[in-house]
Amino acid sequence: MSTPTDTTQATDKSLETMRSFAEQYAKRTGTYFCVDPGVTAVVIEGLAKHKDDLGAALCPCRHYEDKKAEASATYWNCPCVPMRERKECHCMLFLTPDNDFAGDQQEITFDEIRSVTNPA
Amino acid sequence: MSAALSVTDSTFKQEVLDNDVPVLVDFWAPWCGPCRMVAPVVDEIADQYAGQVKVVKVNTDENPSIASQYGIRSIPTLMIFKGGQRVDMVVGAVPKSTLASTLEKHL
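So the protein sequences, as listed, match chains A and B.
Each residue of the first sequence is one higher than the one before, counting from 1 in the numbering used here.
Each residue of the second sequence is one higher than the one before, counting from 121 in the numbering used here.
Treat the hints loosely; a few may be bogus.
[Said to hold, decoys possible] Which stretches of chain B does chain A cover? Using the computed rule of at least three CB atoms under 8 Å from a CB of chain A, they are:
| id | stretch |
| --- | --- |
| 1 | 151 to 159 |
| 2 | 178 to 190 |
[Claimed, not checked] Residues of chain A placed beyond 12 Å of chain B at every Cβ, according to the derived structure:
| id | residue |
| --- | --- |
| 3 | Thr29 |
| 4 | Gly30 |
| 5 | Val81 |
| 6 | Lys87 |
| 7 | Pro97 |
| 8 | Asp104 |
Keep in mind that the hints were calculated from the coordinates and are not lab data.
Source: prediction; values computed, not measured.
Where a beta carbon is used, it is the ideal one built from N, C-alpha and C, also for glycine.
Hey, can you work out the whole structure from these sequences and the hints?
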């Protein structure tokens, strides 16, 4: 497993902001979290970390030449343009019900997230 | 822990390019959800094709040069190298069967 043991977590404040955003956005768009809550937890932590570092929730499932420039460009800030236009989230945070990996949850607690992302 | 060897910007040439056997490279990042799903699949592939394929992983956050050199955008991206050349690529958390059939083409 690629467990992120040596990776810094986001601040509690940003994590709560992104957790709350993810729940509301899933409900508003009729999308669901992944059947594996570990995926959801890691992505929300990554979004919150980018919010801390860059001031914007840049998608954590892409590689960028320049993260600051990408955050300014806004295309990949969550919810990204492909998500807003076509409900495409390659990070698997927001899944349409027909997706094989979609679970039945639109909620995740702060502690559930940290139970996954805390260093082993 | 993953069975796949971690490769860096400085060891990429030696571990990936200078190889006689095909090399499967898993480009991943720590806070990437689908990378968590594909990691065990990559490990299974490493076991199943032991001796035929070398399997390594690259943390794109820590090794931006290699990731940029190969044009990595969406993560996870799985690349197959043969004789120092990139010969195939799969993007996203794919099922094991997809990865295996892609790999089989290059054995």
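Hints and how they fare:
Counting residues of the stretch 151 to 159 of chain B whose C-beta sits closer than 8 Å to any C-beta of chain A gives 8, which meets the bar of three, so the coverage hint holds. With 5 residues carrying a beta carbon less than 8 Å from a beta carbon of chain A, the stretch 178 to 190 of chain B meets the three-residue requirement, and the given coverage holds. The Cβ of threonine 29 (chain A) sits about 17 Å from the closest Cβ of chain B, beyond the 12 Å cut-off, so the non-interface label holds. The non-interface label for glycine 30 (chain A) is consistent with chain B: the shortest C-beta to C-beta separation is roughly 20 Å, beyond 12 Å.
With a least beta-carbon separation of about 14 Å from chain B, valine 81 (chain A) lies farther than 12 Å from that chain, consistent with its non-interface assignment. The non-interface label for lysine 87 (chain A) is consistent with chain B: the shortest C-beta to C-beta separation is roughly 16 Å, beyond 12 Å. At roughly 18 Å from the closest C-beta of chain B, the C-beta of proline 97 (chain A) stays outside 12 Å, upholding its exclusion from the interface. The Cβ of aspartate 104 (chain A) sits about 18 Å from the closest Cβ of chain B, beyond the 12 Å cut-off, so the non-interface label holds.
In the structure shown, no violation is registered for any of the earlier numbered hints.
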